[in-house]
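Engineer: Single-letter residue listing:
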Amino acid sequence: MITSLTDAGQTTTGEAILFWILAVVMVLAAGGLLFARKAVHAALSLIVVMIGLAFLYVAQDAPFLGVVQVVVYTGAIMMLFLFVLMLVGVDASDTLTETLRGQRWIAALGGLGLAVVLAGVVGRAHYGPAAGLTNANADSNPVALARLVFGSYAFALEVVGALLITAAIGAIMLTHRRRLTPRVTQRERSAARVLDGTIAGKPAPGVYARHNAMDVPALGPDGRPIDTSVSRVLRVRGQEADAQEYAARIDRVLSGSWATAPASGVEAAEPPELGEAGRVDEAAAAGAKEQS
Amino acid sequence: MNRLLAATGNPVVADFSHDQWWVWLVKAVLLLVFLLVSVLIAIWFERRVVGRMQLRPGPNVHGPLGLLQSLADAMKLLVKEDINVRAADLLVYLVAPMVSVFCALLTYAVIPMGPEVNFFGVHTPLQLTDFPVAVLYILACTSVGVYGIVLGGWSSGSTYPLLGSVRSTAQVISYELAMGLSLVSVFIVAGSMSTSQIVDSQTRVWWFLPLIPAFILYVVSMVGETNRLPFDLPEAEGELVGGYTTEYSSMKFAWFFLAEYINMLNVSAVATTLFLGGWRAPWPISAIGDGYFNQGYWPLAWFVVKVWLLMFFFVWVRGTLLRFRYDQFMKLGWKVLIPAALVVVVIVSVSQAIAKFGTISFGVYRTWLMVFAGVVVVGAVISMFLPERKKPGAPPSAKPTAFDAFADGFPVPPLPGQVLPPSPRAARRVATPVEASVAIASGPTTTEEEPRG
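Quick mapping for you: the protein sequence lines, in order, are chains A and B. Per the working numbering, residue 25 is the first one in the first sequence, and the count goes up by one each step. Per the working numbering, residue 76 is the first one in the second sequence, and the count goes up by one each step.
Treat the hints with care, since some could be wrong.
Here are the computed distance ranges between Cβ atoms for each label pair [said to hold, decoys possible]:
{"#": "1", "chain 1": "B", "residue 1": "Leu169", "chain 2": "A", "residue 2": "Gly134", "range": "37 to 47 Å"}
{"#": "2", "chain 1": "A", "residue 1": "Arg148", "chain 2": "B", "residue 2": "Val421", "range": "47 to 57 Å"}
{"#": "3", "chain 1": "A", "residue 1": "Ala170", "chain 2": "B", "residue 2": "Ala362", "range": "32 to 42 Å"}
{"#": "4", "chain 1": "B", "residue 1": "Leu169", "chain 2": "A", "residue 2": "Arg259", "range": "32 to 42 Å"}
None of these hints come from the bench; they were simulated from the model. Backbone N, C-alpha and C define an ideal beta-carbon position, used for all residues, glycine too.
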């Protein structure tokens, strides 16, 4: 740990060096918070500022404040921010359209009011003679802080706690919806899936066909392409490979000598040019129930 | 800082006043070496123990007992091709694994591994540093370390890693709360947040005994904190390919891997320090020779043994339990662990307040507490022998009911107590064994399987 303010009230060289390094990093990160395009980058910059601030607190002999700054703000609150950012969509960019009318003016007015109140409080505050850190931290820093927070400022602490609880309950109330339909559990979902006839999911594209590309439909046991085996997105975009062409190819195969042989005798009666298709057909039998 | 502590009472038991810069340096380097070697051993240990639990030998080829296997794996990771994903946010993508490892390495700095010893001629505790909020510092380091996972998943620019990192954030938010609250009860009884002082407060009794609920809560949340089974949802190779590690390769993946194992060592060390008496010798040994085994370098052995017992617990849990479903996991965190932790904190603080500020004498109070604990334990034991109450509404039918396998519209197998209706193919089934026995009797040539219908 860097030794901080001497008894004369001067900063030591170590603290000065630490300050100037951290100051540059923190100002750069603060700029990043304002100017970053992506929301996650802005959040990252804020984390850097917070950790730098924690270092400064510790260097100024407030280890409890410094560590709690990291645990609470960086560890919990910024994590919550990131969580929400990722849920909303990480690549979502800010819109500048005003959704609430007059929002900016109200916000500006509120900000101005806060500034006036703060200026009034800070301006009227008067500080007594400094007691010195040695005196203040007589029973270690956390104990001294606890005396203040839970002794002198217990009421203020309770008020803040009540405010936070109110906010939390309000948020729950606003987002709460009454359930109008019975809850669908995993059990009902699986039963519905089985009734639907798709026990093992849809057949994979390409796997049973001649190609293993995503856009080539799987073939059923009758040699017909299964349209649902190609991703819906590809089908909607029209990027699916031509199923007719594949079907025609299979038709040509089926009309050959191989078509007359019984299904169980494929291995024995396989004509040389159909080696691949024979295997295709056999494998496609696995997906038989998908089409029925 | 040191000067300040020297001036103000004695908030930290460990005395670092004789330390010079080279002592710090040597201690820090030794800690790094200890952690890295422990990780190599931990990987081997885990694979061997899980192997034994699954009735297979595990790695046993390279080196004696396969000890060099993890070294070989590390070398392999080092020389593998390093692939950067094109869709990645490159700076964050590169920094994330380093954040993970760096934060993981910080914890052991405040873990007391022994009392004051003669360290190359200097009288100093076996601990790099300590301050009045050391345990909070550990929590801070772990919470920043999780950013490595979260940002690694996000910056990969791919769906599965992103899902992994979203899960990781939710996991941290819900489990770190329970973890912190379970530690608070130790702070209350020990009266300090400095690690050396907490170890010092366990001279007579280790805190895991009086604070067994808090200990259980900590153990559950420490497994959640390190992303180990059954809480490895951010990684979940069955669901998310590899979670946040999916797009990482070579050394960048190795960083994450290293961080996970160091974190296991970290939480084990914290549990040892806060609940299991730290470096103190277990009871019968601690009584030998007027505390001979609590002096010098002996405590290092107890510390390491305790940490590795917890590591074994990690492996045991991994070999035993399945991964949670996500909603079950969240339910456990928010509806069980956090309320339980709050209740424990309230009970502990009330009992501590009575002991400290009450008019009742400490001896009498302790007797009452012990009587209460005894009643709870006896009640729990008795409840195990009571017959379980039958659930109303589902009386077990005396005779097996006729079972309709197609009641729901699709075939299902019978549950215990249900019998299938006679199969229409029953006649054929009776006929088959006769044929088979005839075939066997006719000669040894028919060794093939029974033909299937």
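Engineer: Each hint: holds or not?
Structural biologist: Against the structure, the hints come out as follows:
| no. | hint | verdict |
| --- | --- | --- |
| 1 | Leu169(B) x Gly134(A): 37 to 47 Å | 41 Å, holds |
| 2 | Arg148(A) x Val421(B): 47 to 57 Å | 40 Å, violated |
| 3 | Ala170(A) x Ala362(B): 32 to 42 Å | 37 Å, holds |
| 4 | Leu169(B) x Arg259(A): 32 to 42 Å | 39 Å, holds |
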